[in-house]
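K.L.:
With the hints as extra help, turn the sequences into a complete structure.
One line per chain: the protein sequences are P and V, in this order.
Plus 10 on top of the position in the first sequence (first one is 1) and you've got our numbering.
Plus 10 on top of the position in the second sequence (first one is 1) and you've got our numbering.
Keep in mind the hints are simulated off the structure, nothing from the lab.
Hints should not be assumed to be uniformly reliable.
Since the list can't tell identical chains apart, any single copy or any two copies may satisfy a pair.
In silico SDA-like cross-links for lysine to any residue, where the CA-CA straight-line distance does not exceed 25 Å [said to hold, decoys possible]:
| # | residue 1 | residue 2 |
| --- | --- | --- |
| 1 | K130 | F109 |
| 2 | K172 | P50 |
| 3 | K130 | G268 |
| 4 | K392 | A336 |
| 5 | K172 | L343 |
| 6 | K429 | G355 |
| 7 | K360 | G188 |
| 8 | K113 | N138 |
| 9 | K130 | Y283 |
| 10 | K392 | T270 |
| 11 | K130 | G348 |
| 12 | K196 | Y170 |
2 protein chains.
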Amino acid sequence: MEQLFFDDGMAGSLLRQHELEDLKAQLEAVDRMLDEKDGPGSEFLGWLDWPTQLETTELKRIHKVAEHLQGLADVLVVIGIGGSYLGARAAIEMLTPAFGNSKGMEIQYAGHHLNGDYLKELLAYLENKQVAVNVISKSGTTTEPAIAFRLIKEMMERKYGKSGAKERVVVTTDSARGALKNLADKEGYETFVIPDDIGGRYSVLTPVGLLPIAAAGIDIEAMMRGAREAQALYLDQPILDNACYRYAAIRNILHRKGKTTEVLATFDPAFQYLGEWWKQLFGESEGKDHMGIFPASLQMTTDLHSMGQYVQDGQRILFETMVLVADNGQELLIPDTGEDDDGLGYLAGKPVSLVNHKAMEGTAMAHMDGGVPVLKITIPEKSAYWTGHLFYFFMKACAVSGYLLGVNPFNQPGVEAYKANMFALLGKPGSETLKEELERR
Amino acid sequence: MEQLFFDDGMAGSLLRQHELEDLKAQLEAVDRMLDEKDGPGSEFLGWLDWPTQLETTELKRIHKVAEHLQGLADVLVVIGIGGSYLGARAAIEMLTPAFGNSKGMEIQYAGHHLNGDYLKELLAYLENKQVAVNVISKSGTTTEPAIAFRLIKEMMERKYGKSGAKERVVVTTDSARGALKNLADKEGYETFVIPDDIGGRYSVLTPVGLLPIAAAGIDIEAMMRGAREAQALYLDQPILDNACYRYAAIRNILHRKGKTTEVLATFDPAFQYLGEWWKQLFGESEGKDHMGIFPASLQMTTDLHSMGQYVQDGQRILFETMVLVADNGQELLIPDTGEDDDGLGYLAGKPVSLVNHKAMEGTAMAHMDGGVPVLKITIPEKSAYWTGHLFYFFMKACAVSGYLLGVNPFNQPGVEAYKANMFALLGKPGSETLKEELERR
Chain P
11 MEQLFFDDGM
21 AGSLLRQHEL
31 EDLKAQLEAV
41 DRMLDEKDGP
51 GSEFLGWLDW
61 PTQLETTELK
71 RIHKVAEHLQ
81 GLADVLVVIG
91 IGGSYLGARA
101 AIEMLTPAFG
111 NSKGMEIQYA
121 GHHLNGDYLK
131 ELLAYLENKQ
141 VAVNVISKSG
151 TTTEPAIAFR
161 LIKEMMERKY
171 GKSGAKERVV
181 VTTDSARGAL
191 KNLADKEGYE
201 TFVIPDDIGG
211 RYSVLTPVGL
221 LPIAAAGIDI
231 EAMMRGAREA
241 QALYLDQPIL
251 DNACYRYAAI
261 RNILHRKGKT
271 TEVLATFDPA
281 FQYLGEWWKQ
291 LFGESEGKDH
301 MGIFPASLQM
311 TTDLHSMGQY
321 VQDGQRILFE
331 TMVLVADNGQ
341 ELLIPDTGED
351 DDGLGYLAGK
361 PVSLVNHKAM
371 EGTAMAHMDG
381 GVPVLKITIP
391 EKSAYWTGHL
401 FYFFMKACAV
411 SGYLLGVNPF
421 NQPGVEAYKA
431 NMFALLGKPG
441 SETLKEELER
451 R
Chain V
11 MEQLFFDDGM
21 AGSLLRQHEL
31 EDLKAQLEAV
41 DRMLDEKDGP
51 GSEFLGWLDW
61 PTQLETTELK
71 RIHKVAEHLQ
81 GLADVLVVIG
91 IGGSYLGARA
101 AIEMLTPAFG
111 NSKGMEIQYA
121 GHHLNGDYLK
131 ELLAYLENKQ
141 VAVNVISKSG
151 TTTEPAIAFR
161 LIKEMMERKY
171 GKSGAKERVV
181 VTTDSARGAL
191 KNLADKEGYE
201 TFVIPDDIGG
211 RYSVLTPVGL
221 LPIAAAGIDI
231 EAMMRGAREA
241 QALYLDQPIL
251 DNACYRYAAI
261 RNILHRKGKT
271 TEVLATFDPA
281 FQYLGEWWKQ
291 LFGESEGKDH
301 MGIFPASLQM
311 TTDLHSMGQY
321 VQDGQRILFE
331 TMVLVADNGQ
341 ELLIPDTGED
351 DDGLGYLAGK
361 PVSLVNHKAM
371 EGTAMAHMDG
381 GVPVLKITIP
391 EKSAYWTGHL
401 FYFFMKACAV
411 SGYLLGVNPF
421 NQPGVEAYKA
431 NMFALLGKPG
441 SETLKEELER
451 R
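P.N.:
Right, dumping it as structure tokens:
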């Protein structure tokens, strides 16, 4: 199998094949909205053609800067939050070893929350390391990364001097305006651009994701090749054979029948942050106007021993999407101890990956039998190429799904509510009235 | 504030105070079921009195064995899954530094899934370390830990010889029977007992959790003292003033009104696995008979930039429980750069923890205004003592909540379904008929 394979054969009795046919006109309407760029939020459709738009020279510059950082430092601190954090982390965790990254730089994260203990411990940890920084923010005023960058910039300038720090800081930000762009110009930092027409959660294949991914030693050329081939594939295929459209349609059908919640299940701990990235992508794209499927993620088989009971027999509000890898890659064999103390004798000499695979098959059947529709998305192997393909697949499927639901999948108006409160409570100039009002509550 | 503080003042208009009064008789009935041990699953109520039942000599032996392991090895590999994994990991992540555990041993985990890449990379990582192992399994035949223990036992015996390995392996298992008990007796491993009347998800305060927690350098005496005082407090308080009963009652009230899903939100990345432990506790206890609140967890402020949009304005099926720490502990200050490039000038010189706290307050108000009832559970500080208290609080609240819902909160019949399929697909002797049936599907 040399393609991404979307399998709805275990969706169970809640899905009848004629329902896909019945949705065809709606899917075609969505297809036209994407094609003609006239749907809600279409000013943020830059990601759709991005894999073929990204210039080879720019990709080479990312690669070169990553190599420059690798030569200067052991650790790259990636400062970003939300869409400026999750995509890179998803790819890096999927594609580098669990213990010590022998492929490229060690990557640490900052600015992805406001916990001072963590920041303090990170600064102490960096004290005796050679450090480089990639700060990623469209505006430069997002509270979390701005605070982290103040702290880390101070540490870098103390450690390397102003000009030494300059060599080790790379900025990814707006092309023309904003606090971080101004600072980068003033300090002379190497800079990459976040395209205007690509929102945070659709930005993993732009320099936002690609620079940290390259610094971690992952082949970004292969990743973009995978994305380019996905772009072509999901543009050309007949709509009912197109995995993006099928996945989007089926999740909408199941939602219309009362499934409120989708659980994304993976069978490799390295896929944890793919789940986090996916939750932002779908949650932020669809969770608005009091609508949207609630996205949750499960790590198997770990969570079969925690959330497994719920999935099998709790409220029947769930459907499950499994992200699988056909070729597990390793051939670690279960040792033959010559004994059967633990009842595993029948597995001696078999690969661990076989047991994992049979656990997956057994789980899919059990969950389907329990009333949980199961969808399967399988990539041929865990590689940069297929990760690029998978990212593009999910982004396009998400856009289609959001349009089918009748929302703008590219805005996020709800994230302002807590920010306004927080700024007022912190005494930000200009929000005095709200401050008084909140403090009276 | 020197107590755990449960605050339902932001539950919003969905909760009226008379509703708690109206549930009083049901809460008293549940209280009697726990007291008289005559409710469903009451043979697994051992955790209820456990903090005062655990003998000082046994606690001392745990401490002594942990010290012995600390003296012998750098890394302790904890082999376990579900309830034999999540509690220890929750406590260890909460109470040891994010980068390098200067307090005690480095803890790594195995047997918590079936991914061969991870196991292979772990074995390579351990090659040049001094290693000890704590294998935790009631039966010794649970597939994930049994496979990991086969591999790690082989590595240990190659590395240290049979008798050297014996010194470095500690077993936590059944008192009398089972594969692991038999193996421990045969090999002469140091052994701790999992009490018969305490199920996995209620076992964190038994040797299951305490040995790895002690090895990580955490004060288990303080943790048990916290749990003992919680036991006394939640036994004696009038039922409507009792935080366990109030939390349980309110989550049931909200569920009865159509809130299908509870999100546990924490504001410290060290609390991630507290969320995982909590999801098992509540998900496995209540998710049965097609009932139960779906438990999900959020890490703030990280997830305000991903799931925040959904919580603010998606389907109104959510309520949110925040777990907070009154005293953040650190005093990392936001540097004053003398400039205001990033718009943070008004925060210069203030502690990062203040911003985190105001983010929490602003979020709670925004979510409540958006139609998400918000509950707050606040502990005075992040310490072993209050972690012990918090564990006990959640376990008792979970038991009360499950009984209110009308389920047996101590069984997990649904987890057998996938296991039966998996064993059959793997060709386990005795499951030939099921194998044929599954393979025909």
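K.L.:
Against each hint, give a clear statement of whether it holds in the structure.
P.N.:
Going down the list of hints, with the structure as the test:
In this homomeric assembly, K130 and F109 come within 25 Å of each other (Cα to Cα) both inside a single copy, at 23 Å, and across copies, at 10 Å. In this assembly of identical chains, K172 and P50 lie within 25 Å of each other by CA distance neither inside one copy nor across copies; the values are 45 Å within and 68 Å between. Within a single copy, K130 and G268 get their C-alpha atoms no closer than 46 Å, and across copies no closer than 42 Å, so neither meets the 25 Å cut-off. Taking CA atoms no more than 25 Å apart as the test, K392 paired with A336 passes inside one copy only; the shortest distance there is 9 Å, against 43 Å between copies.
Within a single copy, K172 and L343 get their C-alpha atoms only as close as 53 Å, which misses the 25 Å cut-off; across copies the closest is 21 Å, which meets it. Within a single copy, K429 and G355 get their C-alpha atoms only as close as 57 Å, which misses the 25 Å cut-off; across copies the closest is 17 Å, which meets it. In this assembly of identical chains, the alpha carbons of K360 and G188 lie at most 25 Å apart only when taken from different copies (24 Å versus 57 Å within one copy). Taking the shortest Cα distances, K113 and N138 sit within 25 Å of each other both inside one copy (21 Å) and across copies (19 Å).
In this assembly of identical chains, K130 and Y283 lie within 25 Å of each other by CA distance both inside one copy and across copies; the values are 24 Å within and 20 Å between. Taking CA atoms no more than 25 Å apart as the test, K392 paired with T270 passes in neither setting, with 30 Å inside one copy and 35 Å between copies. Taking the shortest alpha-carbon separations for K130 and G348, only the inter-copy value of 22 Å comes in at or below 25 Å, while the best intra-copy value is 51 Å. For the homomeric pair K196 and Y170, the shortest alpha-carbon distance inside one copy (18 Å) is at most 25 Å, but the shortest distance between copies (59 Å) is not.
Violated hints, in rising order: 2, 3, 10; the structure is consistent with all others.
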